[in-house]
Amino acid sequence: MLRGVLSRQHDEIMKYTITINGRDYDVEYDESSPSKILLSGKEMTFDIRQGIHPQNVSLLLDNQSLMFWIEKNEEGYHAHCQGRDFNIAVEDARTRQLRSLLKAGGDKNVAGSIRASMPGMVVRILVQPGDQVRKGQGLLIVEAMKMENEIKSPMNGMVKQIRITPQKAVEKGEMLLILEPEASGERE
Amino acid sequence: MPKRIKKVLVANRAEIAVRVIRALRELGITSVAVYSDVDRVALHTRLADEAYHIGPPPAIESYLRIDKILEVARKSRVDAIHPGYGFLAENPEFARQVEDAGLIFIGPPADAIEAMGSKTRARQMMKAAGLQVIPGAMEGITDDKTALDMAKQIGYPVLIKAALGGGGKGMRVVTEPKDLIHDMDASRRESKSAFGDETVYLEKYLEHPRHIEFQILADNHGNVIHLNERECSIQRRHQKVIEEAPSVIVTPEIRQKMGEAAKQAAQACGYRNAGTVEFLVDKHRNYYFLEMNTRLQVEHPVTELTTGIDLVKEQIAIAEGRRLRFKQDEIPLRGHAIECRIYAEDVLAGFLPSTGRITYLNPPDGPGIREDTGINEGGEITIHYDPMISKLLVWGSDRHEAIDRMIRALKEYHLTGVKTTIPFCLAVMENEQFQKGEFDTRFVDQEFHGTYLEETGRQLEPTIAVGALLYHLRMSQHGKLTPHPESGAPISPWKIHGRRLNLDRLST
Chain A
1 MLRGVLSRQH DEIMKYTITI NGRDYDVEYD ESSPSKILLS GKEMTFDIRQ
51 GIHPQNVSLL LDNQSLMFWI EKNEEGYHAH CQGRDFNIAV EDARTRQLRS
101 LLKAGGDKNV AGSIRASMPG MVVRILVQPG DQVRKGQGLL IVEAMKMENE
151 IKSPMNGMVK QIRITPQKAV EKGEMLLILE PEASGERE
Chain B
1 MPKRIKKVLV ANRAEIAVRV IRALRELGIT SVAVYSDVDR VALHTRLADE
51 AYHIGPPPAI ESYLRIDKIL EVARKSRVDA IHPGYGFLAE NPEFARQVED
101 AGLIFIGPPA DAIEAMGSKT RARQMMKAAG LQVIPGAMEG ITDDKTALDM
151 AKQIGYPVLI KAALGGGGKG MRVVTEPKDL IHDMDASRRE SKSAFGDETV
201 YLEKYLEHPR HIEFQILADN HGNVIHLNER ECSIQRRHQK VIEEAPSVIV
251 TPEIRQKMGE AAKQAAQACG YRNAGTVEFL VDKHRNYYFL EMNTRLQVEH
301 PVTELTTGID LVKEQIAIAE GRRLRFKQDE IPLRGHAIEC RIYAEDVLAG
351 FLPSTGRITY LNPPDGPGIR EDTGINEGGE ITIHYDPMIS KLLVWGSDRH
401 EAIDRMIRAL KEYHLTGVKT TIPFCLAVME NEQFQKGEFD TRFVDQEFHG
451 TYLEETGRQL EPTIAVGALL YHLRMSQHGK LTPHPESGAP ISPWKIHGRR
501 LNLDRLST
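Chains A and B, in that order, are what the protein sequence lines are.
Heads up: the first sequence at position 149 corresponds to 149 in the working numbering, and the numbers run straight through without jumps.
Heads up: the second sequence at position 405 corresponds to 405 in the working numbering, and the numbers run straight through without jumps.
Source of the hints: derived by calculation from the structure; they are not laboratory data.
A portion of the hints provided could be inaccurate.
[Stated by the list, open to error] List time: in silico BS3-like cross-link candidates among lysine-lysine, alpha-carbon distance up to 27 angstroms:
id	chain 1	residue 1	chain 2	residue 2
1	B	K152	B	K192
2	B	K192	A	K168
3	A	K172	B	K192
4	B	K283	B	K127
5	A	K15	B	K480
When you get a sec, could you build the whole thing from the sequences and use the hints?
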């Protein structure tokens, strides 16, 4: 019966790709059908509720009970379920198509900026502007919670700019220094 | 003549402060907490009978300020101070000043702390007492040449250790001579920052060692007992993350021998109160004195669960001058206990601290579970303090039951806002080598791979995909998950009727 509904009111069905820990799952959802959903083409019945905390979710999917905790973040969603972590991205079919077209047009990697992965204190800078660095070479030392962490270069390249000074606190995500990636094929 | 303790200042924060306050409350002793600016609403501040502000968030300006803590002690008229672990717990100067102020320090004498606080001095003392120590330097190394010569003599890999170190801080394994000087400098800086001293030395890095430690109790009347061992071989960054008792490799004979050695170590340094003697055990079951921790350990509840003895209460009884209530042959060993430390850390990013606010917290309960925590929902993990959130413990009639119970408990543990070591602990519990008891201190490096975490949850992913999509759509459209009548939201009955008619029409 529902299949009939889905095929007749074609414009209401939305197709989505849910990417979890790098794997894709296809889910189709029809706004007018409040308890049915298609997972990888298979029709399933669902009942979803949340607790006082909106991120506390109970899902019955074909009567299989699953409790999980879900929160929005910069990349999409993060869920915690049965002691495991799940990084989730939700994308509708149209956006996905658009993105794949854009990607084909040239995926330029300009990621030469090194950012702080946690808040802390810059203890020492091990390089100077103009230095050639190799992948894995230490760039600077950041201390957080009394532990020293050496930030290593993710690539071969040259130190273009240093954005921080020693003995200064840095925030998470703060730009530490900028590397100019070595053109592929050169040296090495 | 025992002196009754009626009021105690707990010179610590978080989990251990809460643990001590709970023991005090059960004993009918008034508790006094101290707190920094960011800990005004922390659990320990709220749970204590009295609480006093001692300064800004950095520990150096608050929890490490001996003068401020003693000022609170005077003002609140306590009889004794419990230091917990970390902060001032192993600072002999603190113990001395507490006693000079006419108060009882619930811990060992300052001299014992001082002797064992220097790893090099402890090595000298234990060697003299007849214990076997790990080959290496017996004193601090300051010049490069001595370091290189010593490393060459004992053979690579070598371990750089901070003489005043603890908790893995300042510690580094060096496999090649070219890294030695660079790594020693890094250790010196880390040690200077964490312990205010840059003395480092070298030890042979033992292959395949297991970390086994003995809990001891010593009273002021010369009685010393041990309360069996704890195995703490599951470590990351040289820090324990999972502990258990008993150890799978300790037979009653080994227990008796190592237990005697531990008591000997305690006697050699004039120890009193609760302490722990740590050993490294090689694959031939040779054991070497590693160090003595002159305080209550993080993992002490593992011993409490398998002996039924409350170590904090024993500490207080000893501090009051009472004789030990137990003889060695009265110490039971019942069942098996495991502790998982739940840290706010990003496991996949190499166990980097993960700061933030705990937005949701619902720890497991049910049979055989103990959870020692110092934080509540809404609490914040900051860069100022250790990122440990809580200690999850289970007891089982045997190791097998304890592991199954821990898996169940970890799956029930719900916490959001920061990344935690829960998925990691679960991976260890499900690991075959761990279950067989065949592991050593390099377990995490050898057995643990980040991808494992992403693989094990795989069968849950399709269902979570559905849940995530529904959450995404409905929260963005309606701000809640159940926009239809079952949600209890007011909705016109006419609308329901109309909708039903529509559905009927569609389904025919």
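Legend entry - Proposed proximity, B/K127 with B/K283 (alpha carbon, max 27 angstroms): holds, 22 angstroms
Inset, instruction - Could you grab the alpha-carbon distance between A/K172 and B/K192 and see if it respects the 27 angstroms cut-off? - result: holds, 25 angstroms
Inset, instruction - Would you check the hint for B/K192 and A/K168, treating anything up to 27 angstroms between C-alpha atoms as holding? - result: holds, 18 angstroms
Legend entry - Given pair status - B/K480, A/K15, alpha carbons within 27 angstroms: holds, 21 angstroms
Legend entry - Pairwise hint evaluation, B/K192 against B/K152, where the allowed Cα distance is 27 angstroms at most: holds, 26 angstroms
Hint compliance for this structure: every hint is met.
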